[in-house]
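In order, the protein sequences belong to chains A and B. Just so you know, the first sequence maps onto residues 1 to 338 in the working numbering. Just so you know, the second sequence maps onto residues 1 to 338 in the working numbering.
Hints in this document: simulated from the structure, not taken from any laboratory. Each hint should be verified, as a subset may be incorrect.
One copy or any two copies: either way a pair holds, since identical chains are not told apart in the list.
Mimicking DSBU-like on lysine-lysine, the simulated pairs with C-alpha atoms at most 30 angstroms apart in a straight line are [unchecked claim]: (1) K63 / K179; (2) K44 / K63; (3) K179 / K105; (4) K44 / K179; (5) K105 / K185; (6) K63 / K109; (7) K192 / K179; (8) K63 / K185; (9) K109 / K44; (10) K109 / K179; (11) K109 / K185; (12) K185 / K44; (13) K44 / K192.
Protein chains: 2
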Amino acid sequence: MGGDHAPAAAVEGAAIARERYPNVSFLLFGNQAALTSLLAAYPKLAAISEIRHTDEVVSADDKPSQALRRGRGSSMGLAIAAVQEGEADVAVSAGNTGAMMAMAKFMLKTMPGIDRPALATILPSSRGECVMLDLGANVECDARNLVEFAVMGAAFARTVLGIPRPRVALLNVGVEELKGHEEVKEAGQRLKAVDLSFDFVGFIEGDGIAAGSVDVVVTDGFTGNVALKTAEGTARMVTRLFASAFRSSLRSKLGALMAKRGLKALKDHLDPNNHNGAVFLGLNGLVVKSHGGANALGFASALGVAHDMSADNLLSRIAADLENSGDGDGTAEEAAVS
Amino acid sequence: MGGDHAPAAAVEGAAIARERYPNVSFLLFGNQAALTSLLAAYPKLAAISEIRHTDEVVSADDKPSQALRRGRGSSMGLAIAAVQEGEADVAVSAGNTGAMMAMAKFMLKTMPGIDRPALATILPSSRGECVMLDLGANVECDARNLVEFAVMGAAFARTVLGIPRPRVALLNVGVEELKGHEEVKEAGQRLKAVDLSFDFVGFIEGDGIAAGSVDVVVTDGFTGNVALKTAEGTARMVTRLFASAFRSSLRSKLGALMAKRGLKALKDHLDPNNHNGAVFLGLNGLVVKSHGGANALGFASALGVAHDMSADNLLSRIAADLENSGDGDGTAEEAAVS
């Protein structure tokens with residue numbers, strides 16, 4: 001029931017996902033009448049879906065603390081509870097991010113060996129796509145957190161982007177080892193010292209994100225949130241400037257048509273609906289946050305991320321990688337660099 | 001002698017600036033033979049220029065510590081020394097940023113009442129231009145530093161962008177008062193509590209930079225550096241995607257010509273040469289860093305920034321604003337929020 005186009009985008013998105021992933025089935029939490037009426041248009045989806053009625057909804061303005069107190073019976077709260085109780089493999093919602101993070105953390109708890117969960121997403125780059133985390137779950141992070149984010153982000157890239165041995169970097173203000181915060185420098189030393197199931201390539205600067213220099217960009221939640229929104233804002237500005245520059249120079253109908261095609265190709269690559277699905281990594285359960293403005297195709301992308309994480313056993317992969325990297329108990333990696 | 005197109009871009013840039021600012025004169029530091037030969041093409045510039053020979057150059061790879069030990073006699077070191085000794089009003093270089101920052105700080109020292117200098121620049125936005133600082137001079141900043149950056153950034157925007165009462169915001173992960181680092185929240189409280197010669201509008205998120213929501217964006221040097229480079233990288237990516245999308249859809253010569261015009265209009269707005277000149281604010285003297293890749297027009301932009309700061313007595317303005325904001329001695333603003 002969350003997001004700008006709820007619940008239609010969720011139901012139509014599920015109908016698209018059903019065609020792509022024949023093994024899935026759905027629990028739909030929300031207003032029974034509204035969901036039943038939407039499902040009527042998709043009999044095949046209706047056959048694999050079960051509606052669980054609730055009138056309660058977490059609103060976009062609810063604070064995380066309010067959601068924790070009052071949101072357990074909401075559509076979002078019930079979906080997360082279904083994961084907690086093993087009824088569902090993964091919960092997907094387009095609702096309030098802060099509320100979802102707070103409820104998921106409270107109900108699912110962090111995985112053994114993980115200090116803090118992180119919010120990760122897939123971004124378009126010049127070479128395709130890359131993963132970035134943390135995007136705002138933790139405004140302050142120490143070296144241990146960054147190391148764990150690297151392990152979780154690499155497992156996510158393998159699972160969702162299908163990259164067997166992802167290239168992982170720490171976001172920094174320079175590529176030299178001496179630059180940056182203490183936390184970033186220490187995390188870099190730790191990641192170099194242990195044997196990992198991914199390639200740690202050191203530091204990258206902000207322009208490396210769009211350049212697609214690496215598959216996974218690791219940073220604290222403050223910097224990651226600012227970088228993500230700066231990239232979105234810049235892409236929007238440049239696209240608009242382009243469109244208006246073309247409109248003013250294109251007089252003919254032919255020209256206008258061509259401009260439209262070029263804009264469409266660009267927008268398809270940058271469209272958040274094609275890269276939808278932020279994920280809370282590091283919890284004992286899978287939770288995917290769809291963009292609030294996502295349409296049905298966008299919601300289907302988020303469901304695709306959910307499907308891939310679940311089908312590939314992301315949580316087991318993260319647990320195994322933590323074990324291998326010696327970061328599980330927070331001591332082995334300290335020994336390695338002392 | 002610094003930058004990719006030295007020393008030709010500097011001399012040709014000075015020739016352009018001479019036409020724009022009839023009152024300026026130049027001290028040119030570097031290889032006498034090379035500079036003399038370049039000046040031969042610009043007799044009017046030669047008439048207002050004096051060459052000071054040196055064979056020493058700070059290289060792009062020199063560490064700041066090396067520049068401090070060995071760079072005093074270099075073209076960059078001598079230019080900063082000319083400001084220190086009152087021979088020049090402002091020093092401009094396209095050379096090594098770290099070296100320039102270290103030498104400028106060492107030779108000119110920070111202004112009374114300023115804890116740390118900051119690196120500021122002008123960025124294109126949807127509404128025109130905005131100022132952002134710090135861009136990497138300080139990877140860690142406390143609330144006092146951020147307050148001082150706000151005062152200095154506002155004075156810079158008044159002087160160089162000509163905005164009488166700039167709108168200033170702190171970069172954060174949300175616009176609510178409860179969000180973000182402690183340092184950012186405390187700086188926000190301090191800026192609200194004092195009477196300023198600019199409008200402090202609170203927090204903005206990363207997408208507010210390109211949207212042109214404010215005239216001055218204040219942040220720590222780590223976040224600012226990442227945000228600046230992320231924006232540059234994203235603008236480059238989107239421009240390239242656009243160009244290739246259009247090329248593939250435009251078959252006719254007419255179409256190609258129109259695409260070229262559109263691209264040119266966009267590039268003019270985003271071209272770093274039109275927004276060139278990062279400035280070290282908070283020192284007892286004015287120092288401008290031109291982009292290393294700047295061409296003659298770009299160097300002329302940096303000289304324009306230098307001219308405006310000097311003509312408008314930026315340093316006196318900052319000193320007066322510090323006095324008024326009660327931040328000069330680091331005590332008044334603490335009383336105001338206690």
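Hint by hint, here is what the structure shows:
For the homomeric pair K63 and K179, the shortest alpha-carbon distance between copies (11 angstroms) is at most 30 angstroms, but the shortest distance inside one copy (37 angstroms) is not. Taking the closest pair of Cα atoms, K44 and K63 never come within 30 angstroms of each other, the shortest separation being 37 angstroms inside a single copy and 66 angstroms across copies. In this assembly of identical chains, K179 and K105 lie within 30 angstroms of each other by CA distance solely across copies; the values are 18 angstroms between and 33 angstroms within a copy. Taking identical chains as interchangeable, the C-alpha atoms of K44 and K179 are never at most 30 angstroms apart, the minima being 56 angstroms within one chain and 44 angstroms between chains.
In this homomeric assembly, K105 and K185 come within 30 angstroms of each other (Cα to Cα) both inside a single copy, at 28 angstroms, and across copies, at 25 angstroms. Proximity of K63 and K109 under a CA criterion of 30 angstroms is satisfied intra-copy only: 20 angstroms inside one chain copy versus 46 angstroms between copies. Only within a single protomer do K192 and K179 lie at most 30 angstroms apart by alpha-carbon distance; the minimum there is 16 angstroms, versus 33 angstroms between protomers. In this assembly of identical chains, the alpha carbons of K63 and K185 lie at most 30 angstroms apart only when taken from different copies (18 angstroms versus 34 angstroms within one copy).
Taking the shortest Cα distances, K109 and K44 never come within 30 angstroms of each other, neither inside one copy (35 angstroms) nor across copies (73 angstroms). In the homo-oligomer, the alpha carbons of K109 and K179 lie at most 30 angstroms apart only across protomers (23 angstroms), although the nearest pairing inside one protomer, at 35 angstroms, exceeds that limit. Proximity of K109 and K185 under a CA criterion of 30 angstroms is satisfied in both settings, with 29 angstroms inside one chain copy and 28 angstroms between copies. Proximity of K185 to K44 under the C-alpha cut-off of 30 angstroms is found in neither arrangement, the shortest distances being 53 angstroms within a copy and 52 angstroms between copies.
For the identical chains of this complex, K44 and K192 are neighbours neither inside a copy (50 angstroms) nor across copies (58 angstroms), given an alpha-carbon limit of 30 angstroms.
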